[in-house]
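Visitor: Sequence:
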Amino acid sequence: MNQKAWGGVFKEVLDQRMETFSESISFDRRLADDDIDASIAHASMLEHCGLLEPNESDHIKRAMEEIRTEIREGRFEFTTAREDIHLHIEAALVARLGDLGRRIHTARSRNDQVATDLRLYCRRAIDRIDGLLLNLQRSFVDMAQRELGLIIPGYTHLRRAQPVLASHQILNWCEKFDRDRSRLSDCRTRTNVLPLGSGALAGSSLPIDRDVVAKLLGFEKVAANSLDAVSDRDFVCELAFVLSLIGVHLSQWAEEWILWSTQEYGYVLLPESFCTGSSIMPQKINPDALELIRGKSARVLGNLQSLLVLLKGLPTAYNRDLQEDKERIFDSIDTVEASLSIAAPLIDGTRWNSPKIALSIEQGYLDATSLMEAFIAHGVPQRTAHETVGRL
Numbered sequence: 000m001n002q003k004a005w006g007g008v009f010k011e012v013l014d015q016r017m018e019t020f021s022e023s024i025s026f027d028r029r030l031a032d033d034d035i036d037a038s039i040a041h042a043s044m045l046e047h048c049g050l051l052e053p054n055e056s057d058h059i060k061r062a063m064e065e066i067r068t069e070i071r072e073g074r075f076e077f078t079t080a081r082e083d084i085h086l087h088i089e090a091a092l093v094a095r096l097g098d099l100g101r102r103i104h105t106a107r108s109r110n111d112q113v114a115t116d117l118r119l120y121c122r123r124a125i126d127r128i129d130g131l132l133l134n135l136q137r138s139f140v141d142m143a144q145r146e147l148g149l150i151i152p153g154y155t156h157l158r159r160a161q162p163v164l165a166s167h168q169i170l171n172w173c174e175k176f177d178r179d180r181s182r183l184s185d186c187r188t189r190t191n192v193l194p195l196g197s198g199a200l201a202g203s204s205l206p207i208d209r210d211v212v213a214k215l216l217g218f219e220k221v222a223a224n225s226l227d228a229v230s231d232r233d234f235v236c237e238l239a240f241v242l243s244l245i246g247v248h249l250s251q252w253a254e255e256w257i258l259w260s261t262q263e264y265g266y267v268l269l270p271e272s273f274c275t276g277s278s279i280m281p282q283k284i285n286p287d288a289l290e291l292i293r294g295k296s297a298r299v300l301g302n303l304q305s306l307l308v309l310l311k312g313l314p315t316a317y318n319r320d321l322q323e324d325k326e327r328i329f330d331s332i333d334t335v336e337a338s339l340s341i342a343a344p345l346i347d348g349t350r351w352n353s354p355k356i357a358l359s360i361e362q363g364y365l366d367a368t369s370l371m372e373a374f375i376a377h378g379v380p381q382r383t384a385h386e387t388v389g390r391l
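Numbering (numbering that gives the first Met the number 0), first residue to last: 0 to 391.
Hints were generated in silico from the structure; no laboratory data involved.
What follows is a set of in silico ranges between Cβ atoms, one per label pair, in the way DEER data are often shown: (1) Glu72 / Arg16: 26 to 34 Å; (2) Thr383 / Glu271: 51 to 59 Å; (3) Arg28 / Leu133: 26 to 34 Å; (4) Ala316 / Asp14: 22 to 30 Å; (5) Leu133 / Ser272: 22 to 30 Å.
Using N, Cα and C, we set each Cβ at its ideal position, and we do this for glycine too.
Please model the entire structure based on the sequences and the hints provided.
Guide: If you want it as C-alpha cells, here you go:
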C-alpha cells in the first residue's frame with residue numbers, strides 16, 4: 000500500500016522536508032482509541048447498509064482491536080511517512096486484511112474522520128475534568144466542615160473589611176467551580192454532534208445511515224451541514240475557554256493561599272509534601288505547587304488565544320491549518336487535569352492557623368460595618384451612621 004492516501008495524481012515525490020514539516024503523528028497518535036472506536040462503528044454502519052458483508056465487518060472489527068492492543072502495548076511502529084494516526088491505523092488494517100482493509104474508508108474522508116475523533120477525545124476529556132472538579136469541590140467542602148465556627152478577616156482591595164466564617168470563604172470556591180462544571184456540561188452538548196458521514200465536504204452518494212454511527216458512538220445527533228461539520232472547531236474553542244476559566248479560578252485560589260501562607264499572614268499552613276525548598280537558603284519552604292498552578296494557567300489562556308487566531312481567517316470547509324488545533328487543546332486539557340489533580344490533595348493536607356487568625360481578628364476595625372448597621376437599626380440614616388463610625 001502507498002504510504003500516502005493521495006499519491007495517484009502526483010508525478011513528483013514529496014520533499015522530505017515537507018514530510019517532516021507536515022506530519023502530525025507525533026501528537027495526534029493520542030487519538031488512536033477514538034479513531035479505532037469510530038472505525039469500528041463505521042464498519043457496523045457499512046454492514047447495516049449492505050456495503051460490507053457481516054463476516055467482512057467482523058474481520059475488520061477484530062483487526063481493529065488487535066491494532067488497538069499493539070498501540071497500547073507500545074509495539075506499534077509510527078513513521079512520519081504515514082502523516083497521521085488515521086493513515087497509520089488504515090495501513091495496519093490493510094497489512095492484516097488486504098483489500099478488505101481498504102474498504103473501511105468507504106463513504107468517509109480524513110476530514111470528517113478527524114473531526115469525529117477530536118469530538119470523541121474532547122468528550123472524554125470533559126467527563127474526566129468534570130470528575131476532577133467534583134473531587135476538588137469535595138475537598139473544599141470537607142475543609143469547610145472541619146473549620147465550622149472559625150472566623151477570619153474578610154478582605155476587599157487586599158484590605159481588611161469584615162469578619163467572615165472560614166467555611167464561607169472556603170465554599171466561595173465551590174461556587175466558581177460549580178459554574179465551571181455547568182459550562183462543561185453545556186460544552187459537552189455542543190461537542191456531542193457526529194460529523195462522520197460528511198465526507199470531505201459534500202457527504203456521500205452511497206446509501207449510508209449516519210444515525211447508526213451516532214447511536215453506536217453515543218452522539219446525541221448528527222451534524223446538519225456537511226460543509227460546517229468538517230470545519231467546525233467551535234467546540235474546541237469553547238472547551239478551551241471553559242478550561243481557561245477553570246485555570247483562572249485555580250490561579251485566583253492559588254494566589255490567595257500563597258498570600259495567606261506567608262509569615263506576614265500565616266492563616267493557612269500548607270503541607271510540606273506539596274512545597275519545595277531553596278538550594279541556597281536553608282530555612283525556605285516555598286509554595287511551589289500553588290505557584291505552578293498559578294503559572295500554568297497562563298499556558299491555557301495562551302492556547303485559547305492561539306485557537307481563536309488560528310480560525311479567524313479560514314474559508315468554508317476543511318483547511319490544513321486545522322491540524323494546529325490539536326496540540327493547543329491537548330496541552331490545555333493536560334495542564335488543567337494536572338493542576339486539578341494536585342489541587343485536591345493539597346487542600347486535604349492544608350490546615351488553618353487558628354491562633355494567628357485570632358490575633359488578626361482583633362486588628363483592622365472589622366466590626367465597623369456591624370456598628371454602622373446597629374445605628375441604622377435604631378433609626379439613624381445610613382449616610383449619617385457611615386460618617387459617624389468613620390470618625391471613631
